[in-house]
Amino acid sequence: MKILGISGSPRKEGNTVTMLNEALGAAQSDGAEVELYSVSGKNLQPCDGCWGCRGTGECHIQDDMQELYEKMLGADGIIFGTPIYFWGMTAQAKTVMDRTIALGHPERNLANKVAGVVAVCGSLGLVDALKDFSYYIIQRRMLPAFQVSAYAGSPDELKKMEKCMQALKDLGRQMVALVKMDFKYPAEFVRGPGAFGTHTK
Amino acid sequence: MKILAISCSPRSQGNTEILLNEALQGAQQDGAEVELYSVVGKNIAPCLACRACVEEGVCVQKDDMQDLFDKMLEADGIILGTPVHVYTMASQCKTIMERTTSLRNPERSLANKVGGIVVTAGSLGCIGAVKDLYFYMATRRMLPVNYIAAYGLNKGDVKSLEQCLKATRNLGRLMVAVVKMNFRYPLELMGMPIGYGTWTK
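The listed protein sequences derive, respectively, from chains Z and P.
Residue numbering for the first sequence follows the numbering used here, beginning at 1 and increasing consecutively.
Residue numbering for the second sequence follows the numbering used here, beginning at 1 and increasing consecutively.
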């Protein structure tokens, strides 16, 4: 069983990575193979809206996202992590999200993977990021695990927040417990499009 | 198996109710016992934040919400339906949501109930309502499965949206299929709250 943590923070060892590592450590203790992927230093280009992925599940942009696609597809559970920039997830986190539009193919998709979220903030904006991730996770037919969010100034400060650290450990263990349940959404009821009464009637 | 649809529209027979009935027909077709609950004519007062429910898990306000609490607790799946008023869910919907903060005991909780969403709008605000409702369900540890969002202004407008009606029936059927899977979250690993660094460290 593989649990992947994806940090959408430009910092290599900041609050987001601290939170993800705490959760991944607990997942590892419960028997999972874990990996932390950080966007820091990676070349991740925005989606260019070409729709070339339609029908193939493959994105034509040859950058570091190609490696992350394989890591995501190979994982049983994914914990998305982001700090809050401008009252929402970072552009890096949104870039990864947008690029996964390509993973809407019957053979290449995120369905039934367990998904957790960690988010960290210095001021306002946590809940918008959490809502965006909830919506994303449910619409990609992933199984939502719990979300842990925190207001924190530094990793040291964060590590002193005992209840938060416990919740992160619980999240890691949840991920393993949920993967073991082997939940599969009934695939015959297709989801989307997003709204009717627009170009879709 | 019981599927409850809650219409938070002040209109009887409006677009929200039409779609909820469509979803319930789909659920009934697949063997569920179904019920439509409308807020029309009901006396449901806002939460008083008295926190009496923290001890008892029971709300002290004796109004029509008491009947709805029982219906929600008895249901295996709940479809929340709301029109968009002033760019988000109607206040009737938010009132019900807030009153359910009293359902906090393991014996009286919404955990593991399957969740569906119907949102109708004349203009902007669908996505805000859907995200709010999804996030609500996720934090209640319900299992949200899908939403329907439809644009229509006058009573009955959604009846002309063929793909929408089919997708809405499928939402009802999906609810039944997921209830049958008898999914249970590992609640011991999913403590509240989810935001740390405030009064909770």
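Source of the hints: derived by calculation from the structure; they are not laboratory data.
Hints are supplied without guarantee of correctness; some may be wrong.
[Said to hold, decoys possible] In silico DSSO-like pairs for lysine-lysine, Cα to Cα no more than 30 Å straight-line:
no.	chain 1	residue 1	chain 2	residue 2
1	Z	Lys159	P	Lys201
2	P	Lys180	Z	Lys2
3	Z	Lys180	P	Lys62
4	P	Lys201	Z	Lys12
5	Z	Lys2	Z	Lys180
6	Z	Lys184	P	Lys62
7	P	Lys180	Z	Lys94
8	P	Lys159	Z	Lys201
9	Z	Lys169	P	Lys166
10	P	Lys166	Z	Lys184
Each hint, compared with the structure:
1. Among the hinted pairs, Lys159(Z) with Lys201(P) is consistent with the structure: their alpha-carbon atoms are about 10 Å apart, no more than 30 Å.
2. With a C-alpha separation of about 28 Å, the suggested pairing of Lys180(P) with Lys2(Z) holds against the 30 Å cut-off.
3. At most 30 Å may separate the alpha-carbon atoms for a hinted pair to count; Lys180(Z) and Lys62(P) exceed this at roughly 43 Å.
4. Of the supplied pair hints, the one linking Lys201(P) and Lys12(Z) holds, its CA atoms being roughly 24 Å apart against a limit of 30 Å.
5. Annotation: proposed proximity of Lys2(Z) to Lys180(Z) holds, straight-line Cα distance about 11 Å (limit 30 Å).
6. Between Lys184(Z) and Lys62(P) the CA atoms are separated by roughly 41 Å; this puts the pair beyond 30 Å, and the hint is violated.
7. Taken as a hint, the Lys180(P) and Lys94(Z) pair is broken in the structure, with Cα atoms around 35 Å apart against an allowance of 30 Å.
8. Restraint check for Lys159(P) and Lys201(Z): satisfied, since their Cα atoms lie roughly 10 Å apart, inside the 30 Å limit.
9. Note on Lys169(Z) and Lys166(P): the hinted pairing is violated, with a Cα-Cα distance of about 42 Å set against a maximum of 30 Å.
10. With a C-alpha separation of about 23 Å, the suggested pairing of Lys166(P) with Lys184(Z) holds against the 30 Å cut-off.
Hint violations for this structure: numbers 3, 6, 7 and 9, all remaining hints satisfied.
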